[in-house]
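Read off the chains here:
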Amino acid sequence: MKKCEDIRELISEYIDGDMSGDLLSEFEEHISSCEDCRNELNDVKSIIAMLNDTPDEDLPLNFKDELHERLLEEKAKKKNVISLVIAKYSHVFASAAGLLIIFTIWMVYNNNIGLKEGSPNVNSIQSYESNEYSTNEFSKDGSLDFGNSEFQSNMKTFLNNDKSQADVGIQQAQGQDAVDITGNIDKDASKYQVTLGTSNPNMKNGSQEIEQAKDKVAIIASGDANTEKQDTTNSSDDINISFPTASIAAVPDERLYKSADFTVNAKDTSSGINSIRSIVLALGGEEIGVNAKFLEPKDRGTGSGDGVSSKMPESISPEADSRELFSFKIPANEYDLFCQKANEIFGPSNVIINGVIVSEYESRKKEIQAEFYEIDKKIESKAKDSKWSSSSEYKDLINKKNSLTKELDEIEAQSQYMTVTIKVQKLK
Amino acid sequence: MSENEKYLLGLSKKGDVKAFEMLMEKYQKKVFNIALRLLGNHDDASEVTQEVFVKIFKSMGSFKGESQISTWIYRIATNACLDELRKRKNKWVMSLDEEYHRENGDYIIQVEDNKPTPDVIVEQKTLKAALNNAIDKLPEKYKLIIVLRDIQGFSYEQISDIVKTPVGTVKSRINRARLQLKEIILKERELFSDNFVKDIERGAGDEKM
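These protein sequences, in sequence, are chains A and B. Add 18 to a position in the first sequence, counting from 1, and you land on the number used in this note's numbering. Add 2 to a position in the second sequence, counting from 1, and you land on the number used in this note's numbering.
Hints were generated in silico from the structure; no laboratory data involved. Keep in mind that a hint or two might mislead.
Unchecked claim - Once the Cα atoms are required to be at most 16 Å apart in a straight line, the calculated EDC-like pairs of lysine to aspartate or glutamate come out as:
id	chain 1	residue 1	chain 2	residue 2
1	A	K95	B	D18
2	B	K173	A	E31
3	B	K32	B	E49
4	B	K28	A	D74
5	B	K32	A	D74
6	B	K189	A	E58
7	B	K8	A	D394
8	A	K384	B	E5
9	A	K395	B	E7
10	A	K93	B	E23
11	A	K396	B	E5
12	B	K31	A	D76
13	B	K20	A	E91
14	B	K28	A	D394
15	A	K82	B	E23
16	B	K8	A	E23
17	B	K32	A	E75
18	B	K130	A	D74
19	A	K395	B	E27
20	A	K383	B	D18
21	A	K384	B	D18
22	B	K57	A	E91
23	B	K28	A	E392
Unchecked claim - A few chain B positions that, by computed beta-carbon distances, are all more than 10 Å from chain A:
id	residue
24	K60
25	F65
26	K66
27	S69
28	P141
29	E159
30	Q160
31	T171
Note that the structure is a prediction, hence the values are computed from the model and not measured. Don't be surprised by glycine CBs; every beta carbon is placed ideally from N, CA and C.
Model the full structure from these sequences, guided by the hints.
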């Protein structure tokens, strides 16, 4: 026979329907004979019923908009924090102090950038810094020797994708004398804020070495040697400088174009082609097909003007007015960088975009997403029906989902690359 | 996780805000209501809920899929609400301390009343209001479990995952929480008229504010 205290402990179990067998009958027996416990049980039941009955309230009116704003802010923050820490910098001092400037660029940005860690220089720098530096902003994720060329090109990609216009042509350390300067860069939409710290207590703000380091950082970050910088130092240990960046737009991972068609004027066609080739290779692209040489119809001598395609490849003499058509694939999200580089090498007026074809990837992706959502909603709404999962309608929906997934994978794969066709002309 | 969710999750991890919003769509209302019941007023609930989703967005990278995404989300949400409650409690206690002694020597008795704004304080005569106030007086752990189980309808397994406590413990806790809630309400009842008693007898449903 159960006592009242025991019954109290069992009330929820009973109400939740978790009780059976002997325990259940004991419980019910007690309840039927004990008024106090019966009242208690009923009170609890009522309260639970009332709690259950509490309706869910709707989200406040502005909720989604406000949240959206905050998410966008957060995203902007995420993208723009760069810790620019150490890079090798050649700097020679006459003094016996012997200082080494090391900057390493360190990504806190952990998503898109594939950095190669484990290059031969990494470990030595890491052990070097862990003793020397009190700032601990850069130990875990790999501080890399800036001289590592793979790293450099990744860095270029990263910074340029972010429209930071960083000039990453930093010179290798040449002398043995240099100064340790570590720092981090916070980049927001309008400026870089660089904080430099040094392990050398004699290195004070205003000293020549620091000034030069600042200049170098300014160049690294903004690509412009004349960038004005403000000194926002607030302590003798922190050396802060900030300087405006060129216009920075946070560039999302866009794959806007499917193909693009250019004409480029170069001083010399073959060197022009080679330049373009090297850009393409640096961006991870590759040439398509054979380098075809074309003749202007008028240079084909006797030529049959009878509609033979002027694209028939023939060898030409150097004096002929020759054009070169050159096709290649590049990763679609490198398109902007490609254009930049081409402009730099040939001059913006010599790079002419004849046309682009926009990729349908994004819009189709959205359509597929929406379809997914609808299908999932349908499936979930009927999930309670036990016969649902064997119905043909359900199977159809699943098949539909599978084929959509396939399509999505395919167009995703296709959209990774875009085709660029360039006609290289000799500058007249 | 459905294909669609996996897909949206992948995009969200890369920082795609729209994908994230789509993915979170179906959890938002519930999180808001959990916050509302725990915190007791709409403004705080809205604020904390937004913080929760921003926090989730920030830490998308660390979600590996070892647990259900829903569990993860509700866990972050409940922790955030509890943090807010504790924060409030400290503030509240401090201000009460100041007035602890009245001039005539009376003491002000501290009540575990965590509502800074009388948003949900309505006339005590109505049972629903009494219920809300009573929930508010529960200790943190009991409050949480009442909200999750009896108001939001999570299963014991789900609750166990969310609060990282064994199911058995959750079950005994809910019992104690319900009993304590009942005690609190009955105390309140002594202050009222028969309306209260009639309301309980009638049960929920008929209750009109």
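Going through the hints against the structure:
no., hint, result
1, A:K95 to B:D18, "holds (14 Å)"
2, B:K173 to A:E31, "holds (8 Å)"
3, B:K32 to B:E49, "holds (14 Å)"
4, B:K28 to A:D74, "holds (13 Å)"
5, B:K32 to A:D74, "holds (8 Å)"
6, B:K189 to A:E58, "holds (14 Å)"
7, B:K8 to A:D394, "holds (12 Å)"
8, A:K384 to B:E5, "holds (15 Å)"
9, A:K395 to B:E7, "holds (12 Å)"
10, A:K93 to B:E23, "holds (13 Å)"
11, A:K396 to B:E5, "holds (14 Å)"
12, B:K31 to A:D76, "holds (7 Å)"
13, B:K20 to A:E91, "holds (13 Å)"
14, B:K28 to A:D394, "holds (12 Å)"
15, A:K82 to B:E23, "holds (9 Å)"
16, B:K8 to A:E23, "violated (49 Å)"
17, B:K32 to A:E75, "holds (9 Å)"
18, B:K130 to A:D74, "holds (14 Å)"
19, A:K395 to B:E27, "holds (12 Å)"
20, A:K383 to B:D18, "holds (13 Å)"
21, A:K384 to B:D18, "holds (13 Å)"
22, B:K57 to A:E91, "holds (12 Å)"
23, B:K28 to A:E392, "holds (13 Å)"
24, K60, "violated (6 Å)"
25, F65, "holds (13 Å)"
26, K66, "holds (14 Å)"
27, S69, "holds (20 Å)"
28, P141, "holds (17 Å)"
29, E159, "holds (13 Å)"
30, Q160, "holds (14 Å)"
31, T171, "holds (13 Å)"
The structure does not agree with the numbered hints 16, 24 stated previously, though it agrees with the rest.
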